[in-house]
Amino acid sequence: RSPMLSVTNADPERIEELLAEFARDVRTVLPPVLSIRNRRRSLVITGTPEQLSRFRLYCEQISEREAAERKNKIRGGAVFSPVFDPVAVEVGFHTPRLADGIEIVGTWAAAVGLDADLARSMAEAILIRPVDWVGAVTELERAGARWILDLGPGDILTRLTAPLIRGLGIGIVPAATRGGQRNLFTIGAAPEVAKPWSQYAPAVVRLPDGSLTLSTKFTRLTGRSPILLAGMTPTTVDPAIVAAATNGGHWAELAGGGQVTEEIFDRRIAELTDLLEPGRAAQFNALFLDPYLWKLQVGAKRLVQKARASGAPIDGLVISAGIPELDEAVELIDELGRAGLTHIAFKPGTVAQIRSVVRIAAEVPTRDVIVHIEGGRAGGHHSWEDLDDLLLSTYSELRARPNITICVGGGIGTPERGADYLTGRWSARYGYPVMPVDGVLLGTAAMACLESTTSPSVKRLLVDTQGTDHWVGAGKASGGMASGRSQLGADIHEIDNSASRCGRLLDEVAGDAEAVAQRRDEIIAAMAATAKPYFGDVADMTYLQWLRRYVELTVGTEVPTDAPWLDVSWRDRFAAMLQRAEARLDPAESGVIVTAFDATSEDGVRLLESPAAAIDALLSHYPDAATVLLHPADATFFVELCKSLGKPVNFVPVIDADVRRWWRSDSLWQAHDARYT
0 RSPMLSVTNA DPERIEELLA EFARDVRTVL PPVLSIRNRR RSLVITGTPE
50 QLSRFRLYCE QISEREAAER KNKIRGGAVF SPVFDPVAVE VGFHTPRLAD
100 GIEIVGTWAA AVGLDADLAR SMAEAILIRP VDWVGAVTEL ERAGARWILD
150 LGPGDILTRL TAPLIRGLGI GIVPAATRGG QRNLFTIGAA PEVAKPWSQY
200 APAVVRLPDG SLTLSTKFTR LTGRSPILLA GMTPTTVDPA IVAAATNGGH
250 WAELAGGGQV TEEIFDRRIA ELTDLLEPGR AAQFNALFLD PYLWKLQVGA
300 KRLVQKARAS GAPIDGLVIS AGIPELDEAV ELIDELGRAG LTHIAFKPGT
350 VAQIRSVVRI AAEVPTRDVI VHIEGGRAGG HHSWEDLDDL LLSTYSELRA
400 RPNITICVGG GIGTPERGAD YLTGRWSARY GYPVMPVDGV LLGTAAMACL
450 ESTTSPSVKR LLVDTQGTDH WVGAGKASGG MASGRSQLGA DIHEIDNSAS
500 RCGRLLDEVA GDAEAVAQRR DEIIAAMAAT AKPYFGDVAD MTYLQWLRRY
550 VELTVGTEVP TDAPWLDVSW RDRFAAMLQR AEARLDPAES GVIVTAFDAT
600 SEDGVRLLES PAAAIDALLS HYPDAATVLL HPADATFFVE LCKSLGKPVN
650 FVPVIDADVR RWWRSDSLWQ AHDARYT
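The opening residue of the sequence shown carries number 0 in the working numbering; numbering runs sequentially from there.
Calculated from the structure, these hints are not laboratory results. All residues carry an ideal CB built from backbone N, CA and C; glycine is no exception. Keep in mind that a hint or two might mislead.
Cut-off 20 Å, straight-line C-alpha distance, at most; resulting in silico cross-link-like pairs (DMTMM-like, lysine to aspartate or glutamate) [stated by the list, open to error]:
no.	residue 1	residue 2
1	Lys72	Asp388
2	Lys646	Asp265
3	Lys642	Asp657
4	Lys305	Glu261
5	Lys646	Asp672
6	Lys300	Glu261
7	Lys70	Asp388
8	Lys646	Asp657
9	Lys475	Asp490
10	Lys646	Asp566
11	Lys294	Glu261
12	Lys646	Asp237
13	Lys300	Asp289
14	Lys642	Asp655
15	Lys294	Glu330
16	Lys305	Glu270
Cβ-Cβ distance ranges computed for the label pairs, FRET-style [what the hints assert, rightly or not]:
no.	residue 1	residue 2	range
17	Leu325	Thr413	35 to 45 Å
18	Val627	Leu449	48 to 58 Å
19	Thr260	Gly209	41 to 51 Å
20	Pro152	Val363	36 to 46 Å
21	Tyr429	Gln60	19 to 29 Å
22	Asp511	Pro277	51 to 61 Å
23	Ile263	Asn402	33 to 43 Å
24	Glu261	Glu16	52 to 62 Å
Given only the sequences and the hints, what does the whole structure look like? Please build it.
Okay, structure coming up:
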C-alpha cells in the first residue's frame, strides 16, 4: 500500500483542518501531513498506509453526514466529497518522517567535495519540505510573468499548471514537446492567450451628458444598468414597478406568472406601454415548466411574439423555471430573434443547467445569450445550491463562450455584496483569480421600493427582518426567516410569521386525511391568524350566514362603493351561490326559478356589484334564508364551486387531505392588499 494519497475535489484548507483533528484523535507521534498542493482543489497527503486508510475513512464519514444533511435539506451548498487515489510510490516524500536523511545527504556531499549546505537544501526540498505549486504559480503572476516555458521532460507540468493560470492572462508552452516547439519556432504560429478575467471588471465611463456610470459586458450589450430587476410573482406582475425601473435605465422583467389569460396579458402590456417613456423597453419573464403559461405566452399562442410584432415595448425574454432541450432552445432563439426580441436570457440554478446553457450558446455563436445564475439563498422559491459554488464550477466554461453574458442573483442583500460580484473580488476568499460578473439581479429587496405595490406593512416587515447568513433548513426557521413549501410543492423562503408557521404545520399533514382530522382544531387556529382562514363548517350555517361569510372574506366588512370584487370570478361564484339559495328556498317544487341575480342583466349586475344589497334582496324575498341550514348537497356544491376556474378563493372551504393545497393556492397576492395587514 502507498504511503502517499492523492485527494481531489476538496479544499486544501479543509483537509488541513481535518488532518489536525485526526492527529488529535489518534494521538500519533508523526501524523499524516499535507505534502503537496498541486491544484486549487487537489493535494497529496503523506503518512503510513494505515494512517492514510484511517484518515480516508474519517473523511468519508464526514462526507456521508453532510450528504445526508443536504439530502434532508438541513443545509444547502456543496457537500464535502473528496476523491481519494493512492500515489504509485513506495516511499512517502515531503514529510518530516524523512528528516534524518537530510544530515546523511550533507555528510555524503561533504565526503565527495560537494557543497554540503546546498545538498542539504536540495534534500529538504525533496524529502521533507511541502510543495505548494499553487502558491508558486501565484507568485509568478504577481511578479509580472506573462509566459511560462515548461522545459520538460514531457508536458506534465503544463497539464498541472494550465488550470492554475486560467483567467490570469498568462500563456504556457510545453517546450519539450513537438507542438510546443512549433509554437516557439514557426513563424506566425505564436500561441494565443485568453484575456485575463480581470478585463471583465466594470469600468467607470463618462457619458455625453457628463454623468459617470459603470460599463460592463451587460451594459454594453443592452444599454442598461448592471443592476437588474428580476421577475417576481406578484411584485413585477404589476407594470408600475417594471416601468419605473425601465425608465430609470434598468433591465426590468414583467413576471409572466401573473399574466394568466390573454385578456390580462393584453391589459398589462397596454398599461406598461402607457407608463414607459418613448424609446424604453422592458423584458418578459416566462415560466418554462408551467405548461399552461408557456403555451399561452411563448408556445402555441405566442402572445409575447405577437405583442412584439404589434409594437409592444418588449425587447427581451427571460426563460425561467427550467431550461429547454438543446434543439428546442436553438429553434426558440431563432424564432424570438425574428420576432424582434433581441435579448434572450436563461435562468439556470444548477451546474448541469448552466452547462446546458453553455451548449445552447455554442450552437448560436452569432447570437448573444444572457445567463441569469441564481443561488439558493434567494427570497421566495429557492434551490439548495450555493451561488459561489455554481460560479466556481462553471465560470471558466462561461467565459470561454464570447457570446455569453453573466448575471447573478439570489441572496445578494447589500450593495457591498453586489459590488463584490461585479468587481470579481468575491472569488479571492477561495484562492481563485478575480471572477467579475456582468450584472446583478435584485428581487426581494425591490419589494420594499416606493414603486412596489406591496402593502406598507409588508415593506416594513421586510426592512425589519434581521435575516441570517446561514442556510435555513426545510421546515425550519432562523433569524426571522423560514423555509417552507409553496403551492407548487417547491422550497420557498418566507419571513417567519404566522403564515409561514401555518404553512409548515400544513406541510406536516399534507395528503394525510387521518393526520388532518387529528389536528383539525390546531389547523383551523393556525389559519385564523393568516390572510387565508377557514371558511367555517357550512353544514352548520344558514343560507344567510353562508352568503355573509363569503362576502366578509372576499370583499371585507367595510364594503367599498365601487368595484368591490378583486376578480370577476369571485363575483361569479357569489352569483352562483345566490342562485343556489333561490332554487333551494323557493316554494316551487319544479320549473324554472327566475333569478334576481343574472349577471347578463343590468339590474342583476347592479345587485352583484353591491353584495350587501344583494343579500338583503334575497332575504327580503326569502326570509327563511335566515333560519334554514344548508342542504348537504349544497355543502358539496360549495366545495366544487370553490374549485372552479378563476382566481382561487382567499379562504379554505374544507379541512380535508388537500388542506395544504387549498391554503397555499394563490397565497402571495395578499402581500399587496392592505386589508391583510
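Indices of hints not satisfied (ascending): none
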